[in-house]
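Number of protein chains: 2
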Amino acid sequence: MRPMRTDPPPAAGTTPTDAVVDLSAILDAAARIVPYAQITPVLRADALDDLAGCELHFKCENFQRIGAFKFRGACNAVFALDDATAACGVVTQSSGNHGAALALAARLRGIGAQVVVPENAAKVKRAAIASYGARIVDCAPTMAARDAATAALIARTGAELVHPFADPRVIAGQGTVALELLRQCDSIDALIAPVGGGGLLSGCAIATRALSPRTTLWGAEPEQAADAHDSLRANRLLDDRVPDTICDGLRGHLAPITFAILRERIDGIMLAGETQIVAAMRLLWQHLKIVVEPSSAVTLAALLAAREHFAGQRVGVVLSGGNVDLDALPWPP
Amino acid sequence: MRPMRTDPPPAAGTTPTDAVVDLSAILDAAARIVPYAQITPVLRADALDDLAGCELHFKCENFQRIGAFKFRGACNAVFALDDATAACGVVTQSSGNHGAALALAARLRGIGAQVVVPENAAKVKRAAIASYGARIVDCAPTMAARDAATAALIARTGAELVHPFADPRVIAGQGTVALELLRQCDSIDALIAPVGGGGLLSGCAIATRALSPRTTLWGAEPEQAADAHDSLRANRLLDDRVPDTICDGLRGHLAPITFAILRERIDGIMLAGETQIVAAMRLLWQHLKIVVEPSSAVTLAALLAAREHFAGQRVGVVLSGGNVDLDALPWPP
Chain G
45 MRPMRTDPPP AAGTTPTDAV VDLSAILDAA ARIVPYAQIT PVLRADALDD LAGCELHFKC
105 ENFQRIGAFK FRGACNAVFA LDDATAACGV VTQSSGNHGA ALALAARLRG IGAQVVVPEN
165 AAKVKRAAIA SYGARIVDCA PTMAARDAAT AALIARTGAE LVHPFADPRV IAGQGTVALE
225 LLRQCDSIDA LIAPVGGGGL LSGCAIATRA LSPRTTLWGA EPEQAADAHD SLRANRLLDD
285 RVPDTICDGL RGHLAPITFA ILRERIDGIM LAGETQIVAA MRLLWQHLKI VVEPSSAVTL
345 AALLAAREHF AGQRVGVVLS GGNVDLDALP WPP
Chain Z
45 MRPMRTDPPP AAGTTPTDAV VDLSAILDAA ARIVPYAQIT PVLRADALDD LAGCELHFKC
105 ENFQRIGAFK FRGACNAVFA LDDATAACGV VTQSSGNHGA ALALAARLRG IGAQVVVPEN
165 AAKVKRAAIA SYGARIVDCA PTMAARDAAT AALIARTGAE LVHPFADPRV IAGQGTVALE
225 LLRQCDSIDA LIAPVGGGGL LSGCAIATRA LSPRTTLWGA EPEQAADAHD SLRANRLLDD
285 RVPDTICDGL RGHLAPITFA ILRERIDGIM LAGETQIVAA MRLLWQHLKI VVEPSSAVTL
345 AALLAAREHF AGQRVGVVLS GGNVDLDALP WPP
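For the protein sequence lines, the chains are G and Z, in the order given.
Each residue of the first sequence is one higher than the one before, starting from 45 at the first, in my numbering.
Each residue of the second sequence is one higher than the one before, starting from 45 at the first, in my numbering.
Careful, some of the hints might be misleading.
[Unchecked claim] Here's a subset of chain Z near chain G, in silico, CB distances under 8 Å, partners left out:
(1) C98
(2) A323
(3) R326
(4) Q330
(5) K333
(6) G366
Bear in mind the hints are in silico, worked out from the structure with no lab data behind them.
C-beta atoms are modelled at their ideal positions from N, C-alpha and C, and glycine is treated no differently.
Whenever a hint applies, use it, and build me the whole structure from the sequences.
Structure (structure tokens):
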């Protein structure tokens, strides 16, 4: 498909989020996390350039600590707390990478972390969260139960909530991905990142608009979890979609803050089907020799489906993480 | 098992190979291949350090061009040729990474390459060699037939033979792996590399002995392809072993030149069983988030089996390549 351009573009500077996350917040985040986070490499492969008909620069967050970009935002949030707040610990709800990221960040600061996890969460993810020293709090597998369990924890312990994406500190942390990429690669014509809750793409959009205004900015989303695509097209937040995708990191919906950031800054959301996502994941493993999860591969899948749009360009592609169950790979078919 | 120390160590400087490959040849190789080869990253993972009880620095040749260190040696050999010799092209026999490496190096120099491939070679490897533009010459799947086909080609075309490992130019090229690693990491206590024909370990041994004499040097070899281990222990070249290992890059035997280099310089060969190699490969994928082939994983497998020997040390571990059939992974069991 051709990338969808949000039309008409809303006027800039009309939401309160502008005051909350800006380049300066992202630069502060970068300084805050530098003792803990990896500067991840940018990899290339001739074979993928040939396939795509453009120059692909892959920002490899699968090499980030806990195996995903999520460590950046969680680390920034945890180390931004004043000592009194930090002393009460942090809490979040997550069955995935953000839970592990918050657990590790809290351990590095020497404070407690509690993660509300639905009872049906994958054992391997639960184990990862526990392995970084967080306390796991079980809840029924509904949003209402998760919210109630989280609220109860906060009321009882005074712990600070660090939401996986609807949190300016988290968004600023994720923005350091684009900050690094733009330092590592000159003259990027287009930047593509996966979009689930929108924290990564929001942070990257803010950094890129400030540092490289001519770079076009694209989200990549599974067709079967297209709430961000549909919300931007409708110009209102739609959160009634039921995602059904292999991309377990992209099943969340945009929040008001990420919706507001994205509608002002990005050029569009590109979609990719499930078969294309698996094929792209296999291409990344084969040619880059790296392990990435399906949520990362949606970027290459969407780009290949819209390759005529990027012909000859220098494209930055954010590969968001590499936490995949090696015993349950989606191939051979 | 405990690493085997070659005992007694033969006197140094007793073979003609000393004159052929030395640090200067490796420095020349580094300068020759720098326009073409990747400087590959060194990766680390806390989880693997914890498992091994030491500090592991993985030199990731899976990111080298054609997906394996073999490009270094082939590139050095091809670009070391004088123009008249080069004009006749190059030839080798290989069903694996060296064939692809020589094909790419020849293409980069703009000369022809012919690769003698046994009829029973894997389709995927054959396709890789062809994809870099080499001419494939089929032969019956015996050493005699391969040698005869190669000799006939040389007689007819005047092409230069570039052996996969029994060639000083190739050994010097492979030595650039250690040269880079020692520049990237200070104070390496021990270095481990896989050993098949011995070209990689020989080059690394020469570079390391010259630049970091206190670093101990270890080969890692499958128990079921232990010709190098047995040859060094017997202090004579044994080439009657029939390898039976998943490590398709390590089924070759030492040649006189690599045997002579290794017996003078390395501290021993460590062995690993097939199950341990597969488990180590999975650990590398899981924790480093990279795709490496079984021949790479023999290093970690052997190290974990001898972990008490390296306790607390800084260990350089050469991961030799990442060319693996993603549709036929050795797990789940």
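field: When the least beta-carbon distance from G366(Z) to chain G is tested against 8 Å, hint result
entry: 4 Å, holds
field: Interface hint compliance - K333(Z) to chain G, C-beta minimum distance less than 8 Å
entry: With a minimum Cβ separation of about 4 Å from chain G (threshold 8 Å), the hint on K333(Z) holds.
message: Less than 8 Å between beta-carbons is the criterion; does Q330(Z) satisfy it with respect to chain G?
response: At 6 Å from the nearest chain G Cβ, Q330(Z) passes the 8 Å test, so the hint holds.
message: Quick check on R326(Z) please, does its C-beta sit within 8 Å of some C-beta on chain G?
response: 6 Å, holds
message: Using the nearest Cβ pair, does C98(Z) come within less than 8 Å of chain G?
response: Since chain G brings no Cβ nearer than about 20 Å to C98(Z), farther than 8 Å, the hint is violated.
message: Less than 8 Å between beta-carbons is the criterion; does A323(Z) satisfy it with respect to chain G?
response: 12 Å, violated
Checked against the numbered hints given earlier, this structure breaks hints 1, 2; the rest are met.
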